[in-house]
Amino acid sequence: MESVANLAHGFEVALGLENLLYCLVGVVLGTFVGVLPGLGTVTAISMLLPFTFGLDPVPSIIMLSGIFYGGLFGGSTASILLNLPGTPASAVVALDGYPMAKAGRAGVPLFMTAVASFVGGWSAIFAVVFAAPAITQIALEFGPSEYFSMMLFGLLAAAFFATDSFLRAIGMVLVGILMGLVGMDIVSGMMRFTFGIPIMAEGLSFIVVAMALFGLSEVIRNLEPNAGREIMKTGGGWRSMMPSREEAKRSIGAIIRGTGLGSFLGALPGAGPTISSFIAYALETRVARDPERFGKGAIEGVVAPEAANNAAAQTGYIPTLTLGIPGDAVGALILGMLIMNGIAPGPRVISGHPDLFWGLLASMLIGNFLLLWVNIPFIGIWVRILSIPYRILFPMIVIFLAIGVYSVANSPFQVLLLAGLGIVGYLFMKLDCPAAPLLLGLILGPMIEENLRRALLLGRGSPTILFETPISAVLLAMCGLLLVLMVVRGVFGFLRKRSRVH
Amino acid sequence: MSGILKDRDLLSGLLFLAIGGGFAIGALDLSIGTARRMGPGYFPLMIGGLLALIGLALMVKSIIRRRPVPIERLYLRPVTGLTLSICTFAFVIEEAGLVLTCIATVVVAGIASSETKWTENGLIAIGMAAFAVVVFKLLLGLPFRIWW
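These protein sequences, in sequence, are chains A and B. Its first residue numbered 1, the first sequence is counted upward by one per residue in UniProt numbering. Its first residue numbered 1, the second sequence is counted upward by one per residue in UniProt numbering.
Hint data in this document are derived by calculation from the structure and do not stem from the laboratory. Given the structure is predicted, the values throughout are model-derived calculations rather than measurements. Backbone N, C-alpha and C define an ideal beta-carbon position, used for all residues, glycine too. Treat each hint with caution, since some may be false.
Said to hold, decoys possible - Straight-line alpha carbon distances no greater than 30 angstroms define the calculated DSSO-like cross-link-like pairs of lysine-lysine that follow: (1) B:Lys61 x A:Lys430; (2) A:Lys102 x A:Lys249; (3) A:Lys249 x A:Lys296; (4) A:Lys102 x A:Lys296; (5) B:Lys6 x A:Lys249; (6) B:Lys137 x B:Lys117; (7) A:Lys430 x B:Lys137; (8) B:Lys61 x B:Lys137.
Said to hold, decoys possible - To give a feel for the contact side, a few chain B residues facing chain A, derived at Cβ under 7 angstroms: (9) Leu11; (10) Leu14; (11) Ile19; (12) Gly26; (13) Pro40; (14) Phe43; (15) Gly49; (16) Leu82; (17) Ile93; (18) Glu115; (19) Thr119; (20) Gly141.
Given the sequences, and given the hints that come with them, work out the whole structure.
Okay, structure coming up:
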């Protein structure tokens, strides 16, 4: 019951006027960015990071988190009305949401995604409230071997879920790790890969890399000439938003399954909201008695992925805040922000900064509730925002990116780095190389090196030390399993394509 | 066979080989050390080498598969427009203050899209300059100069 008392304390923090305000600002901004197609939550958070530079850590993490789950809430709107994902995590909602909108029933999926997100979010936050302190107890026993193995597992899992091509995904993780090595080596004090540029001693800032790979290159991609968009009309009034009795009945099971799946996957390092939503959709098509309804406007295909992605967003805080290992790209950003604020990530965050941890959880409960009111009654406004042409939006995004990067260190050099990395990111996109594993590698790289060095020093240079403690051995066995699965999947895919050619 | 030169796997592999190889060779200039006492070059050499191997594997896969998947078309206009725009910001911000920098950045960004309407672009430029001054300078107190 200690958790309940702590959560009560969290509410005291979160209901303070300043924190409440930042929570509201966060969820509104998040919904705004989520609604706009072509702006993912990672872009949104990195773009809006400078807004938090003057703030204390508690209000800034509350606001950034609000942007994150608010973005997931709003992301489904564009999927349903435009058949374009507002955020990658909402892409799968378009499969059944858009046909419903085309049939003149857009109100139903818009309403139901808000309900599903809310249920998924709240359930998952309670999972965090009770699971996180327990996991912290285990994590306090972690030594360098466990940390190394845990991070290795996280990176492999991220690679596994990112794309079908495991060589590409692992390659991108490694590129990220290498980029993370740039700067001063903490053990020897030697400069590594800085090309003699003094400012590079501090390393490549994850903010610059995130804004380049998720922001700038995304804008470049969105400016490619393509077909126009057509927005589906939404009928007015509450009545048009109500699902039929049959749909309501079907939604209950789907929301529960989506929430469970999302909560579980989100808590794993390496799997985030996007993957959860896809797997939740796949699960619904399996359990349905009449799977042919899917793709034509089945309500389960709308609510399950939305419940799953919001649940995963919340449980994603478990590895980030208890172990200091981010679950996905957003977790990596949150972690980076904590480090910038002088909070050392790891199992001591909960006991050392109770205001931050419990205040954040309470604010997420409040924020998810606020989102219902931000989304449902004001849906008309969000629909109008959807119709802002991109030619007006993109110069604004460019200014946000530039000012954001410049403000990190008040250095024009970082802005030039943004431009260069933006080109690199566009190239990676064209080569079908996923950017999320790179960002994880970038954040985890230095920690992996440090823990590997320490572990091997303890083990007198012999890697068997990594297998000597049970937790580390189990994690490494899971890594091995993931590798085998990836190879099998790759070889099967290869053979199947080949046999089709012959 | 000419299509294979544009194959996604081959080009990704080549890129990985170049990045991994570059870091591995760079690491040779640092002290490597032993597994027990790793020098600053040990880990980069290991990771760079591994990345180069993965790059090679992708290239081999691409060549034995013989069914190239060409990379998507690269559009130069948005790339150059946005790169120029961001670089404009970098070069002007320390010289000309926030207002002129924002205006210049938005105007140069306009090059990136064929749909840009220049009067509209001018209005966005002035609007963003005002917004940046009010929000970033006045409300958030970030250390910008408004004018030169």
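Quick rundown of the hints versus the structure:
no. : hint                : result
1   : B:Lys61 x A:Lys430  : 19 angstroms, holds
2   : A:Lys102 x A:Lys249 : 23 angstroms, holds
3   : A:Lys249 x A:Lys296 : 18 angstroms, holds
4   : A:Lys102 x A:Lys296 : 10 angstroms, holds
5   : B:Lys6 x A:Lys249   : 51 angstroms, violated
6   : B:Lys137 x B:Lys117 : 29 angstroms, holds
7   : A:Lys430 x B:Lys137 : 37 angstroms, violated
8   : B:Lys61 x B:Lys137  : 53 angstroms, violated
9   : Leu11               : 6 angstroms, holds
10  : Leu14               : 10 angstroms, violated
11  : Ile19               : 6 angstroms, holds
12  : Gly26               : 6 angstroms, holds
13  : Pro40               : 4 angstroms, holds
14  : Phe43               : 5 angstroms, holds
15  : Gly49               : 10 angstroms, violated
16  : Leu82               : 6 angstroms, holds
17  : Ile93               : 6 angstroms, holds
18  : Glu115              : 4 angstroms, holds
19  : Thr119              : 12 angstroms, violated
20  : Gly141              : 6 angstroms, holds
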